[in-house]
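A.B. asks: Knowing the structure of chain A, use the given hints to seat chains B and C on it.
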Amino acid sequence: MARKLPRKDVVIIGLGWTGSILANELTDEGLDVVAIERGPWRDAPTEFPPNYQQDELRYRIRHELFLQPEQNTFTFRNKMDQTALPIRTWGAFMPPNGVGGGGVHWNAETWRFLPSDFVLRTHLTERYGANFLPEDMTIQDWGVTYDDLEPHYDQFEYLCGTSGTAGNLRGVIQEGGNPFEGPRSRPYPNPPQKQGFGHTLWGKAARELGYRPFPQPSGNMSQAYTNPLGLHLGPCTYCGFCEWFGCGNYSKASPQTTILPVLIRKPNFSARDNCEVTHINLDRSGKRATGVTFIDTSNVEWEQPADLVILAAFSVFNVQMLFNSGIGKPYDPVTNSGVVGRNFTHQTMSSVDGFFDKEKFNFNPFIASGAIGMCIDEFNGDNFDHGPLGFVGGGYLGQVQTSGRPIQNTLVPPGTPKWGAQWKKAVADNYLSTLVGGSIHASFYSYRDVYLDRDPTYTDRFGRPLMRMTIDFHDNELKAAQFLTDKYAEIVKSMGARQIAKKPRKGPYDIAPYQTTHLNGGAIMGPDPNTSAVNRYLQSWDVPNVFVMGASAFPQNAGYNPTDTVCALAFWSAAAIRNQYLKNPGPLVDA
Amino acid sequence: MEAIADRMIPPDPETPGGKDAGCALFVDRQLAGPYGHREGHYNRPPFMHGTKQQGEQGEAGPAQQYRTALAALDHHCQSKFSGKPFAELPDGDKDAVLHDLEGGKVSLGSIEGKAFFEQVLKDIQTGFFADPLYGGNRDMVAWKMIGYPGARYNYLDWIDRHNERFPLPPVGLTGRIDWTPKG
Amino acid sequence: MRRQSKTSVVLIAACTIAGCCGAFVARANAAGPDEQKFSEIERGRYLAAAADCFACHTVQDSGKPYAGGRPLETPFGSITSPNITPDQETGIGSWTDDQFDTAVRKGIRPDGSHLYPAMPYTSYTKMSRKDVLAIRAYLNTVDPIRNSVTVNTLPFPFNIRTSLAVWKKLYFKQGEYKPDPHQSAEWNRGASLVEGAGHCGACHTPRTFLGGEKASRYLQGASLQGWFAPDITNDDKTGLGKWTTDDIVAYLKTGHNRFSAATGPMAEEVVHSTSNLNDDDLKAIAIYLKSVPGKNTSPEPLPATDPQMVAGEAIYRDTCSACHGLDGKGVARLFPSLAGSAVAQSNDPTTAIRVILRGARSVATSAEPTAPGMPSFAWQLNNDQIAAVTTYIRNAWGNSASKVSPSAVKKRKADLKNRPD
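From first to last, the protein sequence lines are chains A, B and C.
Taking our numbering, the leading residue of the first sequence gets 10, the next gets one more, and so forth.
Taking our numbering, the leading residue of the second sequence gets 424, the next gets one more, and so forth.
Taking our numbering, the leading residue of the third sequence gets 579, the next gets one more, and so forth.
It is possible that some hints are incorrect.
Cβ-Cβ distance ranges computed for the label pairs, FRET-style [what the hints assert, rightly or not]: (1) A/L218 - B/K545: 55 to 61 Å; (2) A/I273 - B/H472: 22 to 28 Å; (3) A/N308 - C/E651: 39 to 45 Å; (4) B/K545 - A/R473: 31 to 37 Å; (5) A/K427 - B/P513: 52 to 58 Å; (6) C/V744 - A/T55: 16 to 22 Å; (7) A/L218 - C/A910: 40 to 46 Å; (8) B/M471 - C/A910: 55 to 61 Å; (9) A/N308 - B/G515: 54 to 60 Å; (10) C/E651 - A/N283: 31 to 37 Å.
No more than 27 Å apart at the CA atoms, straight line, and that leaves these computed lysine-lysine pairs for DSSO-like [said to hold, decoys possible]: (11) A/K488 - B/K475; (12) A/K13 - A/K427; (13) C/K988 - B/K605; (14) B/K545 - A/K338; (15) A/K367 - B/K567; (16) A/K275 - C/K746; (17) A/K427 - B/K605; (18) B/K545 - A/K515; (19) B/K605 - C/K981; (20) C/K792 - C/K907; (21) C/K747 - C/K792; (22) A/K369 - A/K496.
These are calculated hints, taken from the structure and not from any lab test.
Beta carbons: idealized from backbone N, C-alpha and C, even for Gly.
Isolated chain A (complex conformation) (with noise of 0.2 Å):
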């Protein structure tokens, strides 16, 4: 029997980056809001210092800073007639677990989407004909533009700090910039981050091939910056300890240097860590949350009633809560109808290392930043032709290599013995001018049967279903890798490799090898409450006060990383949340 906890306006579940935004705009307007964390409570000086927190083998490889997969997992199959199995300890992504979520430890790549990506179905339909997209891809126009969202775009990137360089200011190309990227009003807040030798480099050759590089957009200072709420962020020193790890110097952009410091002075603002949200309660229409129910270490089990709830966990965590909540329809694959578990999508990515002459490349790849990089927009989205080629989608392409880091990056040339005395000499003559990885950073569209459930057969702690993944590539992604793959290859090569070896991503989808935690959709936002579970503003079709954040909310995944979406969505959100639902709460958008 839950215990019963005094009324609050506002109950947030998960207190990440979209956590941390609504609690602030929501505090911000006067409500009274508690934030409800599963993880324990993360602060840079005391939990990342920058004194023990460059181990490799603690954060990267044994992920101390992740979610155990004993606390919550998923099950897995690639194809509908398969059994799911447990992931039983993680591979191809790696979910966050802690205040702050994955802001504390994520690279800080900060890209906006196409305006194309948007309104993908129509731009698409119209550039090549509904024919030309496979009959089981599920894609959807979001019901926001870009426009829509290019003012909250800018409050998330001045909120970090963003070190860039504009490529389109309000419709005027510039030079450094990336020339395909959407409209932005004004500039990046801080100036880009410098590049190593081997970003240059492959910066050089792609101008040389005719391309238009320009430097990643960065969530990395390059230079001290305070934020607009006040807030004192550090310049980054290179450390090449970024994706995994929390920063220790407070120079990368997350909820605990941007948000939390002013947050937790509020005192309209209360937080609760190491509280896992089990399900969000509904009276008795269905159509009303009247708030949370949640267990503490001591498993003890506490009702947190609330007149506003927002789902603020992360993207697959979200549609966990709604199956669990019974909020909305769930999605069948066979009779094509439903909306929980919908369009869930990945990221495709691929790679190419690059071998180079020791005598005469020293690429020090331990000094680098998390979103360090020269990257070319020219294969992403609909940016280029695609009616020869037979594929849809694409992806940025980036020598954004940001470690050094010897267990991951001691790579040996193809053709090398893997151990054994060749092998050791092989490590130490590369290490220094192998270019490792690269990015081919691409789209993941969405099908038919790629989707998620609830598992038959396995279950949590407290024995509830696992969520269960149906998930392969097809066809369309895996052209897209080879050709993208392809290209950056060249580059590579013009540059002087002296051997190259080209990963493209080939099916069918493992769970072992890790590919970014860009795991999307499943709660996706859209025009039509029978194809998506939360319309424009984030708000659920089914239960007007509870809304959806997160990139649980994507249609389909474009070829970029996908934060600075998910952030300007959040605030997107809280805007609507703040002009229009408090005043007047129910629907914001009529069925």
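C.D. replies: Here is chains B and C on its own, set in the frame of chain A:
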């Protein structure tokens, strides 16, 4: 384990091998800790075999797997090489056994030989390159070998220096010799 | 006469509404200067912040303001602060105004016994009676809290208060602040605050072995509570010489300026005291402090070849420079500057050693909410290494100060063992 480590990473005049670098010690310590017992993993039944894409589904953790597999490996060597366990074989024979394991030609009872080989290789190489405080990479020998400066945090004065060798010696989380005043 | 001022306010209000208030109003008026007056209470609240009564008379995070019970460290043992809420039995509710004034400005309790100078009446004597009574008026409006405090906690022979009569003869110069006619009104205002209500010397002036302030070393820095409260004269190396008055004002008001940040006991001071003072008063304090001459001794910096400097530089580059910068200048309002820093160059290196051992969290105020923290290095650096890096920061970038020995670090560790904060 030391014998395996010294074949996977053989000693040479410039850099010690896996044994003297402490790789076996590293693996031993890791197996004794949370890694060895799959702490934090989803360890609930039912345990079923899946596709390769579905990842590790076995019930036994690495610690248990190592014990079973190493015993089986010695047993294999003893039956093939007149009663000698792995560690007593000449280097050439050791390498042959490892190649066979790698090629899936050796059975280790309940443990799949190829998978075990890959596990050991990964663990030994991890120990070779991890911070010395974990037992491997003693005196930062691996980092010195490749030119990796270690657990540093500040390269602000180096980001613009392209194609130049970084001159400072490596430092671990517990420091380097230059941290202690001389004399 | 019972003086339940708070109740009287309520009763008067109630009576005014009910239309029958004569007797109550008359009784309130008969009490003397009207301590119910809004402006008096507001002034008293301001002066109580300046005098920081809250800090010593409140147990941190107890939710019981001014109820006493906070242990105060003195060279002679621990003293517990009394309850100064208006509670009749356990607080000072039953004291007369004269008794209050005598306690604050003369160090004598109603029963005639002396107060230990942990109560800084040696500074408060400089306040005017009017100011002290305003504080009294404010204190009369705070929640009366029942909290019986045992004040006599010093060991023998210090528990014998009569000996304080002798101490007072040596160290207590009674009397209000007298303005210096050669100085501006602003300077005098600053002096009266620093020497009076602010009682800055109570922490920042070193003491004799008898516990009295050493007048000849006024504001030149003192050891207390496991910290070294720095020199706040205008000394160029160890004091405020490199700070402008604006820097001092920013520090006192927000806890941060472009060079440094308040931490430890000073963080508390900023939150409860100086962040509540107005800009004019803070400027006056700054002007006064800048006028106090420093010792201005300039020791030779240690040569870079000294073994401690060589080792210290290596440690500094590897573990400190990512925040404090290779040039020692840190990042304004985020990482304190060590180059030219008074704390780094203090005669007594206690604070630097302590911060390296324990880490530190700088103060959060509304104006400066970031509150950056520094981690602890005690697990990572041994005594030789801490001594080397401390010596290095004291002598690099143009700094100059004495070497720090490993045994000094060892002593600091031993002292910190007993300090939970």
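A.B. asks: Each of the hints needs a verdict: does it hold here or not?
C.D. replies: Quick rundown of the hints versus the structure:
A hinted range of 55 to 61 Å for the beta carbons of A/L218 and B/K545 is inconsistent with their spacing of about 37 Å. Taking 22 to 28 Å as the suggested C-beta distance range, the pair A/I273 and B/H472 does not conform, at roughly 49 Å. Separated by about 43 Å at the C-beta atoms, A/N308 and C/E651 satisfy the suggested range of 39 to 45 Å. Hint check: B/K545 to A/R473, Cβ distance near 34 Å, so the stated range 31 to 37 Å holds.
Distance hint for A/K427 and B/P513: a CB-CB separation of about 22 Å, inconsistent with the stated range 52 to 58 Å. For C/V744 paired with A/T55, a C-beta distance near 48 Å fails the hint of 16 to 22 Å. The hinted window of 40 to 46 Å between A/L218 and C/A910 holds, with their beta carbons roughly 43 Å apart. Checked against the given bound of 55 to 61 Å, the beta carbons of B/M471 and C/A910, roughly 60 Å apart, stay inside it.
For A/N308 and B/G515, the Cβ-Cβ distance of about 59 Å falls inside the hinted range of 54 to 60 Å, so the restraint holds. Between C/E651 and A/N283 the beta carbons are some 35 Å apart, a value that agrees with the proposed interval 31 to 37 Å. Straight-line distance between C-alpha atoms of A/K488 and B/K475 comes to about 23 Å, which keeps the hinted pair within the 27 Å bound. Between A/K13 and A/K427 the CA atoms are separated by roughly 59 Å; this puts the pair beyond 27 Å, and the hint is violated.
Taking the CA atoms of C/K988 and B/K605, the gap is near 19 Å; set against the 27 Å cutoff, the hint holds. At most 27 Å may separate the alpha-carbon atoms for a hinted pair to count; B/K545 and A/K338 exceed this at roughly 45 Å. This hinted pair checks out: A/K367 and B/K567 have alpha carbons roughly 16 Å apart, not beyond 27 Å. The hinted pair formed by A/K275 and C/K746 fails the criterion: a straight-line CA distance of about 46 Å is larger than 27 Å.
Straight-line distance between C-alpha atoms of A/K427 and B/K605 comes to about 42 Å, which puts the hinted pair past the 27 Å bound. Restraint check for B/K545 and A/K515: satisfied, since their Cα atoms lie roughly 23 Å apart, inside the 27 Å limit. Straight-line distance between C-alpha atoms of B/K605 and C/K981 comes to about 15 Å, which keeps the hinted pair within the 27 Å bound. A distance of roughly 33 Å separates the Cα atoms of C/K792 and C/K907; the hinted pair therefore is violated under the 27 Å criterion.
Distance hint between C/K747 and C/K792 is fulfilled; the C-alpha atoms sit about 14 Å from each other, no more than 27 Å. Between A/K369 and A/K496 the CA atoms are separated by roughly 24 Å; this keeps the pair inside 27 Å, and the hint holds.
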